[in-house]
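**Q** Working from the sequences, and respecting the hints, build out all of it.
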Amino acid sequence: MTLSEDSTFYRVVSSPGGALSTLFLVTVIFVAIFADWLAPYSFEIQNLPMANTPPSAEHWLGTDEFGRDVLSRIIHGARTSLKVSVAAISVSVCVGMFLGAMSGYLGGTFDRIVTAVVDLTWSFPEILIALIFVAIVGAGMYSTMMAIGIAYLAQFTRLTRAQILSLKNETYVEATVSLGARPLHIVFAHLLPNALPPIIVAAMLATGDGIILEATLGFFGLGAQPPIPSWGGMMSNGTAQMFTAPWIIVFPGLMVALSVIAINMLGDSLIRALDIRSQVRTA
Amino acid sequence: MSLLAVDDLSISIGNITLLEGITFSVDKGQVLGIVGESGSGKSLTALTVMGLLPLSRGRIRSGSMVFDGVELTTLPERAYRKLRGSRIAFIAQNPMTSLDPVMSVGDQIDQVLRLHLKMTRKAARLRSIELLSQLRIPEAFEVCKLYPHQLSGGMKQRIVIAMALAADPDLIIADEPTTALDVTVQAQIIELLVQLVRQRDMALMLITHDMGVIAHACDQVVVLYAGRVAESNETGAIFRHQSHPYTEALIRCIPRAGMAPGSLKGIPGSVPSVAAYKSGCRFHPRCPIATDVCRTETPQIRTTADGGYVACHFTAGVQE
Amino acid sequence: MTQLLPTPLVSLTALNRTFSGGKRLLGKPRTMNAVSDVTLQIERGSVTGVVGESGCGKSTLARLALRLIEPTSGSVVFDGVDIRSLSPKTMRQMRRRMQMVFQDPYSAIDPRYRLQDALLEPFRLQGIKLTKLEAKAKVEELLPMVGLRPELARSFPHQLSGGQKQRACIARALALQPEFLVLDEPTASLDVSIQAQIIGLLERLKAELGLTYLFISHDLSLVRYFSDKIVVMYLGRVVELLPEPSALPRHPYTKALLDSTFEPDPKLRRTVTPAVGEIPSAFDLPQGCAYASRCPFAQDRCRIERPELEPRPEGSLRNVVGNIPLHAHPVACHFPLPLTSS
Numbered sequence: 007m008t009l010s011e012d013s014t015f016y017r018v019v020s021s022p023g024g025a026l027s028t029l030f031l032v033t034v035i036f037v038a039i040f041a042d043w044l045a046p047y048s049f050e051i052q053n054l055p056m057a058n059t060p061p062s063a064e065h066w067l068g069t070d071e072f073g074r075d076v077l078s079r080i081i082h083g084a085r086t087s088l089k090v091s092v093a094a095i096s097v098s099v100c101v102g103m104f105l106g107a108m109s110g111y112l113g114g115t116f117d118r119i120v121t122a123v124v125d126l127t128w129s130f131p132e133i134l135i136a137l138i139f140v141a142i143v144g145a146g147m148y149s150t151m152m153a154i155g156i157a158y159l160a161q162f163t164r165l166t167r168a169q170i171l172s173l174k175n176e177t178y179v180e181a182t183v184s185l186g187a188r189p190l191h192i193v194f195a196h197l198l199p200n201a202l203p204p205i206i207v208a209a210m211l212a213t214g215d216g217i218i219l220e221a222t223l224g225f226f227g228l229g230a231q232p233p234i235p236s237w238g239g240m241m242s243n244g245t246a247q248m249f250t251a252p253w254i255i256v257f258p259g260l261m262v263a264l265s266v267i268a269i270n271m272l273g274d275s276l277i278r279a280l281d282i283r284s285q286v287r288t289a
Numbered sequence: 148m149s150l151l152a153v154d155d156l157s158i159s160i161g162n163i164t165l166l167e168g169i170t171f172s173v174d175k176g177q178v179l180g181i182v183g184e185s186g187s188g189k190s191l192t193a194l195t196v197m198g199l200l201p202l203s204r205g206r207i208r209s210g211s212m213v214f215d216g217v218e219l220t221t222l223p224e225r226a227y228r229k230l231r232g233s234r235i236a237f238i239a240q241n242p243m244t245s246l247d248p249v250m251s252v253g254d255q256i257d258q259v260l261r262l263h264l265k266m267t268r269k270a271a272r273l274r275s276i277e278l279l280s281q282l283r284i285p286e287a288f289e290v291c292k293l294y295p296h297q298l299s300g301g302m303k304q305r306i307v308i309a310m311a312l313a314a315d316p317d318l319i320i321a322d323e324p325t326t327a328l329d330v331t332v333q334a335q336i337i338e339l340l341v342q343l344v345r346q347r348d349m350a351l352m353l354i355t356h357d358m359g360v361i362a363h364a365c366d367q368v369v370v371l372y373a374g375r376v377a378e379s380n381e382t383g384a385i386f387r388h389q390s391h392p393y394t395e396a397l398i399r400c401i402p403r404a405g406m407a408p409g410s411l412k413g414i415p416g417s418v419p420s421v422a423a424y425k426s427g428c429r430f431h432p433r434c435p436i437a438t439d440v441c442r443t444e445t446p447q448i449r450t451t452a453d454g455g456y457v458a459c460h461f462t463a464g465v466q467e
Numbered sequence: 260m261t262q263l264l265p266t267p268l269v270s271l272t273a274l275n276r277t278f279s280g281g282k283r284l285l286g287k288p289r290t291m292n293a294v295s296d297v298t299l300q301i302e303r304g305s306v307t308g309v310v311g312e313s314g315c316g317k318s319t320l321a322r323l324a325l326r327l328i329e330p331t332s333g334s335v336v337f338d339g340v341d342i343r344s345l346s347p348k349t350m351r352q353m354r355r356r357m358q359m360v361f362q363d364p365y366s367a368i369d370p371r372y373r374l375q376d377a378l379l380e381p382f383r384l385q386g387i388k389l390t391k392l393e394a395k396a397k398v399e400e401l402l403p404m405v406g407l408r409p410e411l412a413r414s415f416p417h418q419l420s421g422g423q424k425q426r427a428c429i430a431r432a433l434a435l436q437p438e439f440l441v442l443d444e445p446t447a448s449l450d451v452s453i454q455a456q457i458i459g460l461l462e463r464l465k466a467e468l469g470l471t472y473l474f475i476s477h478d479l480s481l482v483r484y485f486s487d488k489i490v491v492m493y494l495g496r497v498v499e500l501l502p503e504p505s506a507l508p509r510h511p512y513t514k515a516l517l518d519s520t521f522e523p524d525p526k527l528r529r530t531v532t533p534a535v536g537e538i539p540s541a542f543d544l545p546q547g548c549a550y551a552s553r554c555p556f557a558q559d560r561c562r563i564e565r566p567e568l569e570p571r572p573e574g575s576l577r578n579v580v581g582n583i584p585l586h587a588h589p590v591a592c593h594f595p596l597p598l599t600s601s
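In the order they appear, the protein sequences are chains U, W and H.
7 is the number of the first residue of the first sequence in this note's numbering; add one for each residue after it.
148 is the number of the first residue of the second sequence in this note's numbering; add one for each residue after it.
260 is the number of the first residue of the third sequence in this note's numbering; add one for each residue after it.
No wet-lab data here; the hints were simulated from the structure.
Warning: the hint list may mix true and false statements.
[To be verified] So the derived label-pair ranges between C-beta atoms look like this: (1) H:L544 / W:P285: 17 to 23 Å; (2) W:S203 / H:R413: 30 to 36 Å; (3) U:S96 / W:V249: 38 to 44 Å; (4) U:V101 / W:R206: 40 to 46 Å; (5) U:V101 / W:A422: 45 to 51 Å; (6) W:P285 / H:E329: 35 to 41 Å; (7) H:E564 / W:A404: 45 to 51 Å; (8) W:G161 / U:L26: 30 to 36 Å.
[Unchecked claim] Anything over 12 Å on all C-beta distances counts as not near chain H; from chain W, calculated: (9) D154; (10) I163; (11) Q177; (12) I207; (13) L222; (14) P223; (15) R225; (16) S251; (17) F288; (18) E289; (19) T326; (20) S426; (21) E444; (22) T462.
[What the hints assert, rightly or not] Here are a few chain W residues that face chain H, going by a calculated C-beta distance under 10 Å: (23) G186; (24) S299; (25) G300; (26) M302; (27) Q335; (28) V360; (29) A364; (30) G383; (31) R387; (32) L397; (33) R403; (34) P408; (35) S410; (36) D439.
Every residue, glycine too, gets a C-beta built ideally from N, C-alpha and C.
**A** Here it is, written out as structure tokens:
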């Protein structure tokens, strides 16, 4: 593969922030995928005599109250966090783009209904929507996924609709209609591809938020259920030993913070690389 | 002595020379037309005279600009700021973007008067109304209270002109002031500008790409091509006889009554970008009479038989 | 032997289009008559010019003629077929035969499409399958036809100049070999030198491909150069139909448009331009002649009674310049200018 100098990827990684955050995130993704091989210990086998050991050569990040290796649990927790947030935001983006494109392009009653529902959900914080959803459906990894997906649906519907509304007045849309194009062709071949850059950036930033939301739900015990490790769940367990064994809560917390910072930095360098500052801000 | 005399001016941005050897002058009560296609350097010339070159990181390489006895090329920014708006005014191409959308048009004209002439609020408003009436705006008192979006394009351009006139400048630079307007409105605005120049004894630099506008409004013409002067002369003389093939081609781009079908040809190709300037005469790739000498040697500016200046190797009737 | 009247390629009959908009806070929304009662025949192989200021409805008329917007009433017959009666599917197929070139070449091609993809899109839309070789041949045929180098096929719109973009748009419009081309101010956003190039190109293409044009512009001198007959529009209505470009104007508005053009000749310099003001809003039109507010000859009758578009046989019976029978030169004015004027 040749890397052209004006490709978006090249422009992202040529900035220090972009390069650093890309490196960090690629490492996290790699670790999450190969967690089974990389983790030095099992994430679930308890070893009570070794409970609450501070970081050492044997257990780099110490052990938790059941004597499980914190590093191994963080590595497996990365898998949970990424799986939940990426899957949730992907679903959210796909459904939101479809709804937004249809309501922006078709207008009329469909648009009015979609806009009303979106405005209604938009007026609640994402965390509240997610909490309500989990409260109804019950805790667990899959319901966390759906909860986050629904919480961000309004944002992507709204963003896509705004993009489509401004793009559909471009002359090339009318020109393509005059060549005999169907509405679906206009939406999928012209409007959505042109609306994509700001949506990609928003999705990136939302994935960061998704990790926080997943951790928050996990912290409340509403996320992935034990023994499956999640960063939020680990932090929740750590609160009891916060002063005696701070490593249990600090390291997962650090991972959440670093991942979110990295994603936001990458998002910012993407905004610069795609040169779409104005579009993202106004949407 | 001319009000503004620009002599052998060269402008560059970085290492690239954008304007080279620009020479022209304009007197009080006169309209000078600067004509050429997009990319010929017309707007940059206007920017330079306005002293706004640093905004686009440009630099004056050589030459001089003397405005009413003052050398502008070395004038400090502080002194330039005093000239701008009060003695040299600017009318931009698009009236839609030169007005503040959240301020009534009357207030916007008042602002210029109060800033430059230190007028009181009341005096400024009276003067604004007077200005608008001079620009043939009916019910000027009412119009003052309106906001830009309530006005038509032609009306907005009149407001911009009123703002330019407010401080009673000696020189007005108008950069394609009618390009965004309908033909009927264009005729009215051009007519108005020319009348104002005559009545107030001002000088007007009118920048356009349309030889029709030049024919109807200007006393003197400078034809620019790719950053150089192709030809300059008095309007009558230039339309009687074109010494540069580019001037001739520009005139032939305008349809006129009784033209046979198929006779409108345009100029083949387009103005080269700065990076693609060729050696020799820059017009040679598009010129119908170019020969080898045009490709290698840059033509020097020479005097023509009818008192103008031309930069072309082959011009009939040119005397050394 | 009886002479056969040529059947027009396109005929518009009593076309109306109203837009609602500019809602008031209370009361019913205002309506604007963008196009009112326009009847027009477009003969095969001819150029019909439509001229008027911005807001006169000429762009709406262009879109009505291609059914890009639906008329409120009236009919559009294309080659004997009333295109308003066509199903969406047959209409899409019909679009092959009628195309449009837009005013703004800068946004008329999707910025993400390479030139070759934009040129091949029409075939894809019409379900015409092309092999790779055929597609390449098509692109290499279309680009030189409009005076573009075939090497430009892989470039994106932003890499082209305004003139090149407009040529590309013309190539795209011609891809499906249409018979009828609507040109909506195709040169309004270009330099005069490029305008002349494009007009020259359109003339050549018309001769080579036997096209029929509906040419829309605000520049009467350009329309007079390019058209076989001229429709003058004012606030949605046809106010005069000049059967020949050289016909003398009889409507005061046409005269004002003519007087506003700048010919490149300082000898024709005017000292006084008629102070005709500007086109008023198309909302809340007066009941009489819409031009009365700007007309130097307006009388009381003009403000009360709207003049119909019809031949006005005052003065001599023939238009002195073009030797045109008067019935072919209708004008909507109670007091048309005499034919011997100017």
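**Q** Now look at each hint and say whether the structure bears it out.
**A** Tested hints:
1. H:L544 / W:P285: 17 to 23 Å: Since the Cβ atoms of H:L544 and W:P285 sit about 20 Å apart, the hinted range of 17 to 23 Å holds.
2. W:S203 / H:R413: 30 to 36 Å: Cβ of W:S203 to Cβ of H:R413: about 32 Å, so the range 30 to 36 Å holds.
3. U:S96 / W:V249: 38 to 44 Å: 42 Å, holds
4. U:V101 / W:R206: 40 to 46 Å: Taking Cβ atoms as reference, U:V101 and W:R206 lie about 55 Å apart, which means the hint is violated.
5. U:V101 / W:A422: 45 to 51 Å: This hint holds: roughly 47 Å between Cβ atoms.
6. W:P285 / H:E329: 35 to 41 Å: Hint holds: Cβ distance 39 Å, inside 35 to 41 Å.
7. H:E564 / W:A404: 45 to 51 Å: Distance hint for H:E564, W:A404 is violated at roughly 34 Å.
8. W:G161 / U:L26: 30 to 36 Å: 32 Å, holds
9. D154: 27 Å, holds
10. I163: It holds; W:I163 is separated from chain H by about 19 Å at its closest Cβ, greater than 12 Å.
11. Q177: Given that every Cβ of chain H is farther than 12 Å from that of W:Q177, nearest at about 14 Å, it holds.
12. I207: 27 Å, holds
13. L222: 33 Å, holds
14. P223: Its Cβ never comes within 12 Å of chain H, the nearest being 37 Å, so this holds.
15. R225: 38 Å, holds
16. S251: 20 Å, holds
17. F288: Nearest chain H Cβ is 18 Å from W:F288, so the label holds.
18. E289: 16 Å, holds
19. T326: With a cut-off of 12 Å, W:T326 comes too close to chain H, as the shortest Cβ separation is near 9 Å.
20. S426: 22 Å, holds
21. E444: 25 Å, holds
22. T462: 20 Å, holds
23. G186: Nearest chain H Cβ about 9 Å off; hint holds.
24. S299: Hint on W:S299: holds, closest Cβ of chain H at ~5 Å, below 10 Å.
25. G300: This interface hint holds because 8 Å falls under the 10 Å limit.
26. M302: 7 Å, holds
27. Q335: Result: holds, 6 Å to nearest chain H Cβ.
28. V360: 5 Å, holds
29. A364: It holds, given that the least Cβ distance between W:A364 and chain H is near 8 Å, below 10 Å.
30. G383: 6 Å, holds
31. R387: Holds, about 9 Å.
32. L397: Result: holds, 7 Å to nearest chain H Cβ.
33. R403: 5 Å, holds
34. P408: 7 Å, holds
35. S410: The hint holds - W:S410 has a Cβ within 10 Å of chain H, the shortest such distance being about 9 Å.
36. D439: 24 Å, violated
When the structure is compared with the earlier hints, violations turn up for hints 4, 7, 19, 36 and for no others.
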